[in-house]
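Undergrad: Going down the list, the protein sequences come from chains A and B. 284 is the number that this note's numbering gives to position 284 of the first sequence; each next residue is one higher, with no gaps. All you need for this note's numbering is the position in the second sequence, starting with 1, plus 1000.
Among the hints, erroneous ones may be present.
Straight-line Cα separation of at most 16 angstroms, EDC-like style, residue types lysine to aspartate or glutamate; simulated pairs [unchecked claim]:
1) K1127(B) / E197(A)
2) K1238(B) / D88(A)
3) K1206(B) / D1246(B)
4) K1418(B) / E1343(B)
5) K1418(B) / E1334(B)
6) K1250(B) / D1198(B)
7) K1348(B) / D1506(B)
8) K509(A) / D1586(B)
9) K1418(B) / D1340(B)
Chain A is faced by these chain B residues, among others (derived, beta-carbon under 8 angstroms) [stated by the list, open to error]:
10) T1093
11) S1128
12) Q1215
13) S1219
14) A1226
15) H1233
16) N1279
17) A1292
18) A1505
Derived coverage of chain A by chain B (criterion: at least 3 residues anywhere in the stretch with Cβ under 8 angstroms from a Cβ of chain B; other residues may be distant) [claimed, not checked]:
19) 146 to 154
20) 214 to 224
21) 229 to 243
Just so you know, these hints were derived from the structure itself, not from any lab. No residue lacks a Cβ here, since even glycine has one placed at the ideal position from N, Cα and C.
These are the residues of each chain, in order.
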Amino acid sequence: MKVFRRLLGFLRPYRGGVFASLLLAAAAMGTGVLIPFLIGRTIDDIRDGGDALWLLGGVMVAAGVLRLAFSVVRRLVAGRVSLGVEFDLRNMMYRHLQSLELGFFDGQQTGQLMSRSTVDLQSVRFFLGYGLIFMMQALLTIVIAAAVMIAVNPTLAAVALAPMPLVIWAAARYGRLNRPASQEVQQRIAELTAEAEENVGGVRVVKAFAQERRQVRRFNQAVTRVFDQSMVSTRLRAFYNPFIGFLPQLGLAAILLVGGRQAINGTITVGDFVAFYGYVVMLTGPMRMLGVSLGMAQRAVASGNRVFEILDREPRLTAPVGAEPLPDGGGRVQMRGVSFGYDDGTEVLREVDLDVPAGGTVAVVGATGSGKSTLVMLIPRLYDVDQGEVLIDGVDVRDVDMASLRHEIAFVSDDAFLFSATLRENIAYARPDASDEDVEDAAHRAGLAEVVAELPDGYDTLVGERGLTLSGGQRQRVAIARALLAAPRVLILDDATSSVDATTESRIKEALGEVMEGRTTFVIAHRMSTISLADEVIVLEDGRIAAHGSHDELVEQSPLYREIAQRGLPDPQLVAAADAGREASGL
Amino acid sequence: MSARSNWATVRSERGRARRLGHLAALLRPYRGRVALMFITLVVAVAAALAPAYLAGRAIDAGIRDRDTEALTWIMIAFLGAALVNFGATYAQTYLTSWVGQRALQDLRRQIFRHLQRLSIGFYSRNKSGVLISRMTNDVQALDQLVTDGIVTLFSASLTLLGTAAILLALDVKLALITFSVFPVLAIASFAFRVASADAYKATREKIASITSYLQETLSGVRIVRAFGQEPRHERQFKGLNDENRDANMKTVYLNAAYFPSVELLSAVATAVILVFGGNEVINGAVSIGVLASFVFYLATFFDPIQQLSQLYTTYQSGMAALDKIFGLLDEEPELEDAPDAIELPPVKGEIAFEGVDFSYGGEGGDVLHGIDLHVPPGQTVALVGATGAGKSTLAKLVARFYDPTAGRIAIDGHDLRKVTEHSLRSQLGTVPQEGFLFSGTIGENIGFGRPDATGEEIEAAARAVGASEFIERLPDGYDTEVGERGGHLSAGQRQLVAFARAAAADPRVLILDEATSNVDVATEARIEHGLRRLLAGRTAIVIAHRLSTIQDAGRIVVLEHGRIAEQGTHDELLAAGGAYARLYEDWARQTAA
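So that you can see chain A by itself, here it is in the shape it has in the complex (with noise of 0.2 angstroms):
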């Protein structure tokens, strides 16, 4: 009910709205059940003779066209309630992620957020935006009808209306049991998907291994499992939509049965019992609605719990209030005690101290997990230290304003992630407002300039997930130029030539020498190549600085570092371990 009422609370700014339309829909609502009451008379004035016939004719239809109006009005009124409450939840919902630490995503799965953000919300505005008005209007008319009836003849109207709860309660349980029975539909048709989608993803090993065959029996059992699982949704579809369907007739048997009796009486005249009938009729569709909006806001309550565990979620990284920008500096970058674990408890980095004088370039070394790409992370803020302090040009992260710090840091990170843009937006992604010639000189500088010729549109050729396909070595280039045009006081690396042929990698070697100049610079190093772009190595192990200084100093005095040098890094666990995902996945 809590949640409930915080729902509601969504309605707030459009009150006005809210009533209008409540308002229109009883006027609608109470013209609409004038129809049968008007139709009722007018079969008893035929009776009579028909004095008044084209008089309850006129009636009739100016009834009709009122109820147009109101109906008219309601519908706007209402539509643009529901489109309102919908916007503005989905800006909140998307301020709000886009308000939360990096931390945050950490802990969840993409598909998650995705499913509240969409699924969630969709139920949420479903019933705000159109179940609730749906419930009212149904509550409405099934109150204004059932007092007219009653009013006219009690008995009929007990026995005419007995089964409509009935209705109420068919349409509720179908909603509540056909809905997880469509979503296992849809789970079987997401396996299928995933069976499509690894065959045609692996269509050239299936060819090669000439095992067509094998795989076609394969995805016959999921086509299979489909089937068996929309039959038991068909099953429930095909016995209470007629059910539902069946309930109201019985009403109308037992006006004909007592109904026709009284008639016959004179207990009510023919009139009442053709509007009688009228009004059944008119009901069964209020009634269906009530029991599928109370499914409707069953679901918006499960929903709504969802939506508001994210909603509820304090940012936890924010700027004191009026936090000054960064000042202006060469971008000396200081760590001072820093330890910092991430939420599941472990601790990745144990009392790091480090100071890199502006322009000076570090390599970070270790093995996966040893808390490389969580010291450079730190940097920008992207997470805050659980203790010391990371000072940029002397001042704490933490005291200046987010924007400020984090347009002075660039990243070029492993996966080179792209937007589904135009190369030149994602090129002048730090700075929307770059100019032409300032995006090309950061191509050229970035060694793009001839994957751009290729191109087919150029700079303005779409890429990303939605786009032209690039290759893990133009991704790369392009996240360098993408750091270059920023033109940040410190330049972050994550050794970026994971997945590119030798040619290709050199290529990009120069390109990172370029971005170097006259910046700070951390590079996290898989290869002697990277760190030999660097001044100072630091190796990290276990979270701490195991040793740190220049590569000959190192080879001298470091047993692990002269293991890296010799023989690569060292072998980090088999299984893909949590932390290697998070790596993997990092930046």
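Assemble chain B onto chain A, guided by the hints.
TA: The following block gives chain B in isolation, referenced to the frame of chain A:
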């Protein structure tokens, strides 16, 4: 190309009838049930028409004639009709759904089987998402047409005809007056459907773009945060949200105009019937019960017309889906076994390219020119060259994923075009670049090429390439689920499993695309070792990225712009000081740096 697309348009117009025919053919195996479905449908419609008539009879034969017994019988008939309608609708819904789902199930299988027949070239030309949606979304849209569409078409038409017949039988004059609203309603309804089909399409597009925007900014959340671009995304999202609201507002306008108008039309028609019919009753031409029946029929008379108008949308999207599906089914496999193709006998593994040219068609021009290459049985050939030099194309030709545009390729002297695809591929082993695995267990994946392999054989294959070490360390060993596309395993592990899969198939000829992904040194060493064991004693074409593989190869073939620039052993080529020597220098510099 344009001639081809013109031809396609002509064919699609001519093909509509044929495609509907094909759709009907899908139902043929179930014709008994289809017939039963139609019988239940007719019964249900007839039973649904009875109540309004019976209610009129109740007035005339019961109330007017003061006959309570007749009233009771009418009530019993009324309840009987309602029960028959209940039962018949149940049966009809069930049968329709059963037949429809069965037919679509068959169609899905047909599409999938067809996809399996199509050649690799087809897959490279078509986005995988599109192919998948043929089996999912498009079939779903057909579902609407087959189940809802056909039933609505028949039940609404029958209801309309049945009502008309009853009304005419009751009173011709009143019936004709009632029918006069028909054209008004029909025109208004169809106009509404046409307009709202576009409006609803726009709303679906808007919501789809909102969803994908959301999806994208969620999966790219790190970049968004790192560059501090939240306000911009909020603005853009709000813009999309605004567009969505506007698109939806159009549907509100259309609905606000249409539905209340239909209600008004219904009220006006009722008033007209009552006034004219009332006079007829007073004149004694019509009984009061008949007039009441007219009023009752009017209450539902409009429903079938509205339902029929809805068919417009269903028909449109269903036919679009049908076109797309049959567009796919009409796609002929480019490579099919020649009619006189022979089974390739067990080979020694001698491969010969003789003057081979190849082009993917279109504007790209030749990818390979004048390739002459002779690989003796058991030799490993490393293909080296820049991206786009034609390495993978050359490798694909050996597996006959494509046919050369000129020249011939032979294995043990058999032209690839003269042997059956199955017999050729079952003697080839392929290791794709990223070690694509299928969801299932590790064991199943290793046995992929030989579904009859025993557990020992699978383990032996894993041992042979050095994959057994890591597999046996997993808690479930060979029964470990690899996840979708092998996602639960690391890149290096996927490689090793792919090696084991090739080893289990024990092919004479191996085609291998070396992975370039960055694995740590220990895994790298394991992979190198596995690779060496896998290559031993087989003819192998390797698209090589590892220096060690290249150095070990019996022969290195350097490709440049689709031509063989030079070939020989590592030492020979270094001594020659050509393209290979330059490439080698690049590597050496990087490794040393």
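Undergrad: Where does the structure disagree with the numbered hints, that is, which hint numbers, in rising order?
TA: Hint check: 19 fails alone, others pass.
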